[in-house]
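Chemist: Each chain is listed here by its residues.
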Amino acid sequence: MEIPSLVLFFTLIGQLLFIGIAFGSVIGEEEFHEELVLRPLPDRKVMGHFHFESRAPPSNSFGRHHHLFPKAIAQLVKKFQVKEMELSFTQGRWNYEQWGSFDPIPSNNAKPPGVELWAVFNLPQEQVDASWKNLTHTLSGLFCASINFLESSTSYSAPEWSFPPASGSLRYGTLPREAVCTENLTPWLKLLPCRDKDGLSALMHRPSIYKGFYHSQRLRLTSIASNLEGLGPGIVLEQTLTVVLQPDNQKNMMYSSKPNLQPGWSMSSIFGRKVNGRCMLAKSSNVYLQFERGLVSELKNLEKENGKSGDENLALEGFLSNPYFELSIKPDRIFQEVNNFHIKGPSIIYEFQVDKYSESLPFDLGLTWKIPIGWTCQQAPLHACRFLMGSGNERGAIAISLKSIESIMSSLDANSLDGSCKLQVDIFQVVPWYIKVYYHTLGVFVDGKPHAVRDIVEKIHVSPSKDKESPGVMEMVLKLPCGVKSAALTIEFDKGFLHIDEYPPDANQGFDIPSAVISFPNFHSNLLFLGDGSLNKSPIISVFQKKSPVLSYTEVLLVPLTTPDFSMPYNVITITCTVFALYFGSLLNVLRRRVGEEERFLKSKAAKKTGPVSQLLSKILAKLRRKKWEPPSSPEAASSSSFINSKLVFKVILVAAIAVCWQYYSG
Amino acid sequence: MAETETDIPKMKPRPIVRLGLFLMSHSLLASIVCCSAGVLALLLLPVLAKNTYISENALMPGSANPMLSNQDIVQANKLAEDLSDLDFKSAETAGIQRRRLIAQYISNLGAEASYHKFHPPMNRFHPLHFFATPDSEMIEGSTNCSIYGVNMVGIIRAPRGDGKEAIVLVTPYNFGRSSQGETLSLSIAFSVFSLLTRVTWLAKDIIWLVADAQFGEYPPVAAWLRDYHTPAFGSFGTLGAEMCCKTYNIYELEQDSIEQRNLTDGLKRAGTMAAALVINVADKNEPFEDSLGMYVEASNGQMPNLDLINIVNYLAVHRQGLRVKVEKFWSLLGSKWLKILGEVFESLGEVAKSLNPQWKFGIPAADYVEGTATLVSSLYYQALGIPTGAHGAFRDFQVDAITLEISPRVSSTNKGRRNEFLLRGGRLIEGVIRSVNNLLEKFHQSFFLYLLTSPSKFVSVGVYMIPFALLVAPLPLVAASLYADGNSKNLSPQNGKSTSSTTVAADELGITFRSWKWLNAARKVFVVHVWGAIVSLLPYFISQIPDCSPEYRFGIWVIFSLLVLLILYFILGFQLPLAQVSRYEKGEWAILKSVTISAVFIGLCLMSVINFATAEIGALLMVPTCLLACPLKLDTEACNLKSVTRMVTNLVLVTLSFPPVAFFVLKGVVEGHDGSNVGDFWIWVESLWAWNSATYLYMGMVHLPCWVLCLHVLLHSC
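Taken in sequence, the protein lines are chains A and B. For the first sequence, position 626 (counting from the first letter as 1) is numbered 626 according to the UniProt record's numbering, and the numbering increases by one without interruption. For the second sequence, position 67 (counting from the first letter as 1) is numbered 67 according to the UniProt record's numbering, and the numbering increases by one without interruption.
FYI, nobody ran anything at the bench for these hints, they're computed from the structure. A virtual CB, placed ideally from N, CA and C, is assigned to each residue, including glycine. Be careful, since some hints might not be right.
Across the chosen pairs, the derived CB separations fall in these ranges [unchecked claim]:
no.	chain 1	residue 1	chain 2	residue 2	range
1	A	Thr574	B	Thr645	43 to 51 Å
2	B	Trp337	A	Asp565	39 to 47 Å
3	B	Thr200	A	Pro549	46 to 54 Å
4	A	Val579	B	Cys605	16 to 24 Å
5	A	Tyr439	B	Asp547	49 to 57 Å
6	A	Thr574	B	Asn70	53 to 61 Å
7	A	Val338	B	Ser69	48 to 56 Å
Pairs of lysine-lysine, BS3-like flavour, derived with a Cα cap of 25 Å [to be verified]:
no.	chain 1	residue 1	chain 2	residue 2
8	B	Lys633	B	Lys339
9	A	Lys190	A	Lys211
10	B	Lys50	B	Lys268
11	B	Lys339	A	Lys403
12	A	Lys485	B	Lys268
13	A	Lys449	A	Lys459
14	A	Lys190	A	Lys304
15	A	Lys356	A	Lys197
16	B	Lys268	A	Lys449
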């Protein structure tokens, strides 16, 4: 393992030197940062958030090669004129209630299950669709996933203003059913300069990161147009992997005497590996341990109860040696959030620099709790939940219910001077075409009372679905009163019918409605940190500081549609053929028949004498029937028909006898 | 054809028409053959039953070793002990404490716990709700705050699942005073639930519903399902219930307990339901071994997918060694004639086997008797249209569900024995859940329409349709032949009398009346059907009368029905519009019978689509009565052996097919005659409409009018 990485390292260094000598016109340097944020979660789990950032500054000097930046991505950006793009692969669901939804990591990294892709193109409107289609195919090949299914116009949509405003050049698509596994991770890791051989990414031991409760890998790239003439665009590639894992000793703790005692963990216990130093190509390589606001305020309460003064400084320094928890490694720096709005305590981040550690002295951060502690994570102002209503295969309704989280709403109430305070909620929902949504049935309930739509919905944009062409898109801006306890939106739909070849292989499972996106533009999930300029160098901290609205995804819904019995085509073919045969048979019969001719034919036939054999047979038959045999005195149709009948009966008996013999002797 | 002695032979009609004419002319023979063949085929069904097999390969039952260990059982026992320790004087406080305790246990496992409040539904007759989907309006108006129940719901979110689907476990539990069986079923469910919080293979969410069984098993489950699927946002319903329950102090949470904070009062949801299991532990003990009873029939004869029954049966028999049984009519087991019939079939099977060893259709006589008893019970419960347990509520939302009633062997007081019982039951549930969890699609592979003849044998729709088809086949034939006869009977005397003398105009008028005469009969039939509809609506008004014994109500119902019949008879009724028609009255009863038979045929065919078992039993009762019906006056006039036999049979059949008589005869056969009174029928009918059974509609709109028409034919004065 070491030798290939060393070889790789030397070749890369060699390249770097060579290129550096050969072309002197580099404006900025390509950079790579690796970071890991660890955060204890209230339900005895631990969140790990890997953040890798590669930057390629605007330059014309690279030609077709880069020092650090993955070439595949650069080519993709160049070819499809991607301005901004985000691709995420997620397994499991982010538990918004337990793990929080009011800070940058959930807002940016909690994604719906399966694949989500959106991209903004730097192209004229009419070329966007073509470029999107090509992009999906390229990404599909790049990441070993069926992203190419997003090519079909029924599966992607063009939101107008729910996502970062892009004036029609944004495309959005999700594949809720995509199974995410290690075959998607490997190509993603290939984009990193050290892959998973060295540095923080070496922690990604597949069995442990896929054993967790949530797994989301994300790739986001932003191209920066340079204002200088003749330069290609600069690209920022942000790769994150968010996992929620459970420390192993949880099972033993479950029924212990102290049920609230949080489990202690170390990086080696949760990932099964240690960090043997940084990736040599990385400019910075840091591990952060973040204590959330809820946890910090809980710790401060404990501090107060113990009689010590809840001083700010104490919060910073005193936590290093304290009766509550113990860190196995002394942090290099501590950041504290500047808290001016939230009632809970400030969030605290401990920084550990990995540079100092090597193979002989691996980095293995551990956290042990000494006392039981419990806290709650900060949540978005309203908890969104989406579900289906109704039963049966004909119609149903989608309901989005929003429930207020007490603490935030009360703080909002305090801020608002009068009753005019409004809480803005944006909802973006895509519905596949076979779910025929009736937008006029939109019903709004606030605190259990029905309201007129125009009172609550400030702005709405609907593009109805077209059968087999495009999905239905609904974007809404709701203005709810601040003291709202619960709100609900319902919208009815009819279930459509699909053509037989449009059913997926596992049609009987039902069909997915992708997650709706609920965002709260009034609330920003950024964390502001005190500190000097050196702080801003760390990409993750700058992500934390960036102002972005609180965002959450709802559940994926499963709609059972009418599904044919797939052996039915056979039955249909059989029945259709029978009907056709009957129809054409009788039609031909009618066309062919001439009544007069037939009568004449019957007459001439009756004139003929019947043969001796038939006479004999009919005699025998008459004897069998115990009737007096009458010779066919009058030429009638009846006798001829009886003759035919006797012949037929004879034949049938013969065949039956043969069949019985066959059955008896062969069986 | 032979009598037309003309030069030109007559054109033969099309073969299919000829066949029809042939059958019509031999309708008596055809109907006898068909009916007896139908009854015979019905009796043959247990012989024709096939062994069940697991149709969906993805289920893979029993392919994994059970993971439920003694540690889970110990936990479950701890819960049971804690629950029994909470023995308060008042049932209400005990209920609150017990709910809190269960919630505590659920959240300690890392699952989500929530409460669900509901009002028990009022027993009311909704004439228009027979085929309507269950909606939230059903509970509106029931604003009585003092009566409500609280269910406990625990949800495990599958760690790596996408949360689109869920499996439901239901244990009815009376929080106030629980019986031992309920505690055992709670223990089983809890042990499985605690195991499932730890397993890695979970793909679907698990919902555990501890249904508040103080109002019975069905209403809490139905209320929860209704709130799950059709919540009321605006009007009454859940919100109204919350207003009521403010005094209720289950939400006074202790601030020091973190788990309690996660507990919410709102209804939590988890995706589309894939399957549901209702677990019951019987209070009565089995003498020899642990056994498992399966209850499957849902409303209107709907059944869960056969695969669900198969996996339960497979796991119970081959993995846990439980004796599996389904409901059967015990009284049939001892009947002599069934045994003789079984022996006949057995010997026939042996003869066939000696002819060809591959023909294996004989089954032992004992098996036949048992199969028949099970088949009859299966047919009866499907026909009744009343769910046989809490699983019935799920079927209304297209969720396959089944009730498992596990009965322990005697001496369950022994602790080691009890643990073994819990382990067995828990492993069975675990295995079933694991199988359903394996399933990517919903249940669709196997049969939905079947009758069980034993836990491992079934009769599929393709086979059990044959007896019904044979039974109803003669109806259109006889109707057509009667119609033809009725027309020609009038035609021939007229032809004989007036070959040339009568006026052309009168003849034309006669022809017109003849060809439209069936309309008169049809009008009669229609009026009687309207009467049937009115009769079936009457209980709605009668049930509004307060303080009334069932006998009294039944009496009122009968009197009003007769009154309405008389009114209709005199107003709309049976007096003829034109005097001239009286000429053709001779064949009138035949035409009336023909139209009646057509109505029966249409009614039975419609009912066979809605609830096949009802149609089957209805056909057994109604078809012979209709076919044989003939005016008693004719029989008394003829006075030979044939007509006397016909008269007696007619009287017996008409008596038997009158619904109350049929009910009491069946009740007498099944339960013995002691203690049955007239009120029982009213109670039975009340239960039918309370459960929205289509059988009730069938009885009111098809069976009763046709019975009245048959009676009318019998008493016809021709």
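Chemist: Each hint should be assessed against the structure and marked as holding or not.
Modeler: Here's how the hints hold up against the structure:
1. A:Thr574 <-> B:Thr645: 43 to 51 Å: Holds: the Cβ-Cβ distance is about 47 Å, inside 43 to 51 Å.
2. B:Trp337 <-> A:Asp565: 39 to 47 Å: 41 Å, holds
3. B:Thr200 <-> A:Pro549: 46 to 54 Å: 36 Å, violated
4. A:Val579 <-> B:Cys605: 16 to 24 Å: Holds, at about 21 Å.
5. A:Tyr439 <-> B:Asp547: 49 to 57 Å: 52 Å, holds
6. A:Thr574 <-> B:Asn70: 53 to 61 Å: Hint holds: Cβ distance 57 Å, inside 53 to 61 Å.
7. A:Val338 <-> B:Ser69: 48 to 56 Å: At 51 Å between Cβs, range holds.
8. B:Lys633 <-> B:Lys339: The given pair, whose Cα atoms are some 40 Å apart, is violated under the 25 Å limit.
9. A:Lys190 <-> A:Lys211: Holds, at about 22 Å.
10. B:Lys50 <-> B:Lys268: 42 Å, violated
11. B:Lys339 <-> A:Lys403: 65 Å, violated
12. A:Lys485 <-> B:Lys268: With Cα atoms ~16 Å apart, lysine 485 of chain A and lysine 268 of chain B stay inside 25 Å; holds.
13. A:Lys449 <-> A:Lys459: 21 Å, holds
14. A:Lys190 <-> A:Lys304: Not OK: lysine 190 of chain A and lysine 304 of chain A at ~50 Å, beyond 25 Å, violated.
15. A:Lys356 <-> A:Lys197: 18 Å, holds
16. B:Lys268 <-> A:Lys449: Satisfied, since the Cα-Cα distance of roughly 21 Å is no more than 25 Å.
Consistency note: the structure conflicts with the earlier hints numbered 3, 8, 10, 11, 14.
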